[in-house]
Every structure is written in structure tokens, then in C-alpha cells.
Amino acid sequence: MGMTRLEDWLRRIAEDGDAAAVDAARALLRTDERIPEELRYVLDDPEDRPGAADALLFLLGEGESLVAEAIRAEAGSAMDDDLTANPIEGVPVADAVRAEAGTTRISGAWLADAIPVDEAIRAEAGLVDVADAVAGALGFGIPMVQGALRWGAGAVDVAEAVVGAGPPVAAAVRASAGRVEIAASVLVKVGVDVPPVSHAVRDAAGTVAVADVVMAGIVGADLPEGWMAGVLDRELPDAVHVKAASRIAASSLLGAELTGLASAGTRLRAAVEAGAGTVSLWDGVAKSIGIADPEAVTGWDGAAVRAAVLDEAGSVDVVRRVMAKVRRSSAAPSERPEPRPANSAYWVAAAVAVAATILIVFGFSGIERMPSPGRPAPDMGAPGMVFAKADEIRVDDLNYADDATVQVIQEDGADAAMIIWVDEGKTL
Amino acid sequence: MMSVDEVDRDAETELLTAVKAGDATAYRGIVEKYQNRVYALVYGMVRNREDARDLTQDAFVKAYNNLESFRLESSFYTWLYRIAMNLAIDFIRKRQRHGTTSYDEQIASREDGGGISEIHHADDPRKTLERKRLYERIMDSLDKLPADQKQVILLRELEGLSYKEISDIMDIPEGTVMSRLFYARKKLQKLLAEER
Chain E
1 MGMTRLEDWL RRIAEDGDAA AVDAARALLR TDERIPEELR YVLDDPEDRP GAADALLFLL
61 GEGESLVAEA IRAEAGSAMD DDLTANPIEG VPVADAVRAE AGTTRISGAW LADAIPVDEA
121 IRAEAGLVDV ADAVAGALGF GIPMVQGALR WGAGAVDVAE AVVGAGPPVA AAVRASAGRV
181 EIAASVLVKV GVDVPPVSHA VRDAAGTVAV ADVVMAGIVG ADLPEGWMAG VLDRELPDAV
241 HVKAASRIAA SSLLGAELTG LASAGTRLRA AVEAGAGTVS LWDGVAKSIG IADPEAVTGW
301 DGAAVRAAVL DEAGSVDVVR RVMAKVRRSS AAPSERPEPR PANSAYWVAA AVAVAATILI
361 VFGFSGIERM PSPGRPAPDM GAPGMVFAKA DEIRVDDLNY ADDATVQVIQ EDGADAAMII
421 WVDEGKTL
Chain B
429 MMSVDEVDRD AETELLTAVK AGDATAYRGI VEKYQNRVYA LVYGMVRNRE DARDLTQDAF
489 VKAYNNLESF RLESSFYTWL YRIAMNLAID FIRKRQRHGT TSYDEQIASR EDGGGISEIH
549 HADDPRKTLE RKRLYERIMD SLDKLPADQK QVILLRELEG LSYKEISDIM DIPEGTVMSR
609 LFYARKKLQK LLAEER
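Chains as they are written, first to last, in the working numbering: chain E, 1 to 428; chain B, 429 to 624.
Bound conformation, chain E alone (with noise of 0.2 Å):
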């Protein structure tokens, strides 16, 4: 049997009080360096000697305290080690910390610590869904607002607005909400009345600010005379528009001011177009940056384009339909002989000298004979003719006025001359 240790003999003691424990006990506890010298004999009297044995026992880190058996019977169950380490005298301090964590179960920390109210108030008020709140204010629900205070605000940090820490609604409203200003007064109305909120939604919010409409949506106030513009331009984002279009269908006054403002922008648009006229500055312009001729086109080849279109064009014969067309001067010599069609290529050069100028013979009526071939022209005092020969086409740029008389004359045969009379002053 090996040598008892002071330790087991008081824990007899302590629990059926073993006499023969008691002498043991007392002799090594006379010697033993661990407990305080006036504590050495406490086990010679013998009132209470399993009280003393406890005590011993707990001194020696063998056994619990009474103390905090106490504890443990008052608080329940939040009692964990750290109490059996940190005895604490007098059972009404558990009240006092259930008082104040409530349900929520409670560290032994704490007692030496403050009490972290604000983890435990997080842990119970959980979030609150302010979209609604807001939207519900505004009064008349603008969608995208709604949307975007449950996407972006959704839920607000109670723990935070408790201890003042400053909710993160600004943050969360400046990211969904864009450009649309939600007064500080709106979000009073709605119970968060965080001033910054207003400002950080400002910044956001760029340069169209819709306060003072939403406001007139919530407080009735009158539609602010800058919207009237954006109503009738429909520059409004359109959920304003409906509500400011609406205020002001409602007004008569409103509605007349609307019209003219619309009559004045249409009216002057027609007078300056009016005033104005058109202009074609190419040529000036082009002159300014240094282009020589204004009608020049880099890349561009004219003259192709004209050979092309001649040699696919190739010719035709339009002159039947051309001279039935041409009307005949009712001074026209009815002794004069018809002219009958020849070869094509007298009439080629007839059907060109009527859209032409005449370079032949000017003005007479009552040539008495027809010059041919090789026969000189009588000398009328009129310019000279030119004469080609039969085989020859002769096509020049020829025009007349619109009030002359031209006449083609053929004369007999293949070889007979064309003779072009141009009566000016004539009208047919």
C-alpha cells in the first residue's frame, strides 16, 4: 500500500468523516508547506471537521468551493469554469447579470469585462426592412424607389442606430438610388432621420433633382414653375412625369400656362426658319481651307465617266418623234415643198439643229429659191451659209430662243441640201 497523500485522507474526512482519516491527516498536515501555518491545525477540532477537510481540499485545488456551489444553484445554467476560478461572494450577482443579459446566454467573461449589450441586442432585434416604411411615405410608391431601398437599403443595422454607430442607409440608398434626391425630409417623415443620408444622395444624385416634385407629391405643395419645361419636353424621368403631368391636368391655370409655353417654342421655330432661309457655303468654305476648286473631288475621273456613258449610250434615231413634236410657223410658205424624209443622216443633223443654235440662216421667210450643193447663195444681205456636202454630217451646238420659228426644209433627193430656218420674234 503505498503512501496516502494528505489530499485522499481529507476527502474521507469530508465525506463520511473517517476517524481513522482525521489522525492521519492531521499529522501530515502538520508538515505540509502548501497550507498556511495558522491552517495546520484546524482539524484538532472536532466540530465540523468534513467543513474544514472541504476547505482544505479546495486550498489544495482538489475540491470545489461551497461558494460556487451557491453561484451555480442561483444563476442555472450559464455558469461555465471560469466562475469555479473567479469565486465570487453573494448570490445576488447572478440576479443582477440575468437582469441584464436577459435570455442570452452569458460567458463568465463578462464578469470581468463590460457587458456586451450590443451583441446581445443584435443577436435578439435581428434587421428591419425600411422599404417599405419609405415607400409607404412617399405616398405614392414610386417603383424604382421601392426597389431600390429593398435591393440597396434592405435591412438597416439596429445594433448600429442603438449605439450611434450611424446606420449604412446612405450608403446602401446612394448606390441604388441614383439620381433620384430623396429630401431629408422625406426620410424624417419616415422615422430615419439621418441627416447625412440626405447629403450622400445629393452627391449621388447628379444634376436632375426631382426633391421638389416628390415633395409636392407628399407635402401638396405647388408644382415648381422649372418643371413646367420638363414636362413639356418630356425630360422628366417617368414616374415624375406622370405625377407632375397629372397635378397639372388638374389645374386649369396650369394646363393654359403649359399650352402657350408650347405655342411660344413652336411659333418661334417657324420664324426664324422663315427669317433665316437657306445658304450653300461650300464654295466659301472650301476657298478658307485651301481647296482651289470647290467642285473637285479627290479620286474623282470626269472624264471617264463621260466615255463611258456615250460609248454604252451609243446613238439613236429620235427624229420622227422629234418632228412630230415641232410645230410649224403659220407663215410657212405653203408653195414651200414638204420635206420628206431622206436618208437617216440629213435627219440625225435636223433632229440636233432643233435643240441647237443656228450657225445657217437667220430670219427670212420668202427666200425665193432654195440653195443646194455647190450652187452659191444669193446674197440677201444675211450672214453666208455653210453648206455640207450630202455626205457629210454637219452637227453643231445650236440653240434657239423659245420664241423662234425653226424650220427644217429637205430638199429633193439624197444629195439635196437641209436647210434650217430660225424665224425669231415668230411664235408658232
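Calculated directly from the structure, the hints in this document are not laboratory data. Just so it is clear, the structure is predicted and the values come from calculations on it, not from any experiment. The beta carbon of each residue, even a glycine, is placed where N, CA and C say it ideally should be. Warning: the hint list may mix true and false statements.
Dumping the calculated DMTMM-like pairs for lysine to aspartate or glutamate here, alpha-carbon to alpha-carbon at most 20 Å [said to hold, decoys possible]: (1) E:K287 <-> B:D451; (2) B:K448 <-> B:D436; (3) E:K287 <-> B:D482; (4) B:K614 <-> E:E257; (5) B:K592 <-> E:E235; (6) B:K461 <-> E:D283; (7) B:K490 <-> E:D283; (8) B:K461 <-> E:E273; (9) B:K592 <-> E:D238; (10) E:K287 <-> B:D486; (11) E:K287 <-> B:E460; (12) B:K461 <-> E:E295; (13) B:K560 <-> E:E273; (14) B:K555 <-> E:E273; (15) B:K572 <-> E:E273; (16) B:K614 <-> B:D568; (17) B:K618 <-> E:E257; (18) B:K618 <-> B:D571; (19) B:K615 <-> E:E257; (20) E:K287 <-> B:E478; (21) B:K614 <-> E:E235.
In silico contact screen, one side only, chain E against chain B (beta carbon under 7 Å); selected entries [claimed, not checked]: (22) G260; (23) A264; (24) R269; (25) S288.
We have chain E; now place chain B onto it with these hints.
Using the frame of chain E, we list chain B on its own:
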């Protein structure tokens, strides 16, 4: 399938690219596309045809000379309008500073290079005359607007530009565009009512 606007924009970008690459003759397409629109705007500002013509031409030349700094992905016509409007504003300021022509003289000069052209109404000459008088009243009222209100109302009513486009041209916030438009229209309406 591309819209008409997209096709038009592509064609314009091609022209501008060619001009930037050194083909000055391609600029003709740009000039012909915008000349009457820019001219009408400038005329609305200065109310003299010859001056408006010169200023419009100057705007195109200035745009050409500064085309290197223009980014093709930007809107050419808002850039061009800004140049034209600035030239018009400068011209008006110089005119006011030097007092070279009084308002009455300007009206007289309209007979030569400005003024409302005869609007011939085939059926009723009286209507033609009435319309001409109305237009002259409107233009006189327009002249009485401050330059910034005149500018914004011309850009809106003549060109139908959006607030955003006007804001870009005039380099002011859209909210300011809206309020200037409102007051310009209101004043114009009031002036027209007074002149009846």
C-alpha cells in the same frame, strides 16, 4: 438591320475619317449636311443674314482646323453647334461693346441681308402679310431675351436637341437647361402678348 440614324452616322464617320486622313474635299459632305441647320441657329442669335452666313462659314472652317482634336466617337454636331454658338455669342458681345449698330439700324439692315422673307400665300395675300408681321414680332421678342436663354431656346426649338445634348453644348447642368428653357418660353410668350 441598321436604322436610318445609324447609317447616317456611319456615313458621317466615314467622311470625317477621310478628312482627318487628309482628304479635304470630303469635308463638303459635312458642310452640306449641316450648313442650313447651323445657319438657322446662328441667324436666330444674330438676326442678320450676312453676318449669320459669315459666322456659319467661320464655324465650319474652325471645326475643320480643329478636327484633329475631335474624337470620332463623340457627337460631331454637338461639337459643331458649340463652336457656332460660341462664335455667335462672341459676335453679339463685340457688337454690343462697340455699339457699331444700334438695334434700329439692325432692323433697317434686315432689308438688305436679313428680315423675314416674303412668305407668299397663294390664296390670300392678307394672310401672307399677317404671318410676316407675326414672325417679325416673334423675332423682335427673341432679340429681347438674354443671350443664354436665347441660345437654349434656339437649340431646343430649332434643333429639337435633348436637355443632355444642350447641356453638353453649353456646358451647363441639365437642371439649368430646364429652368432657362422655362423662363425663355415664358418671357417670349409674355412679349408676344404685349406686342399684340
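query = Taking each numbered hint in turn, which are not upheld by the structure, reported in ascending numerical order?
reply = none
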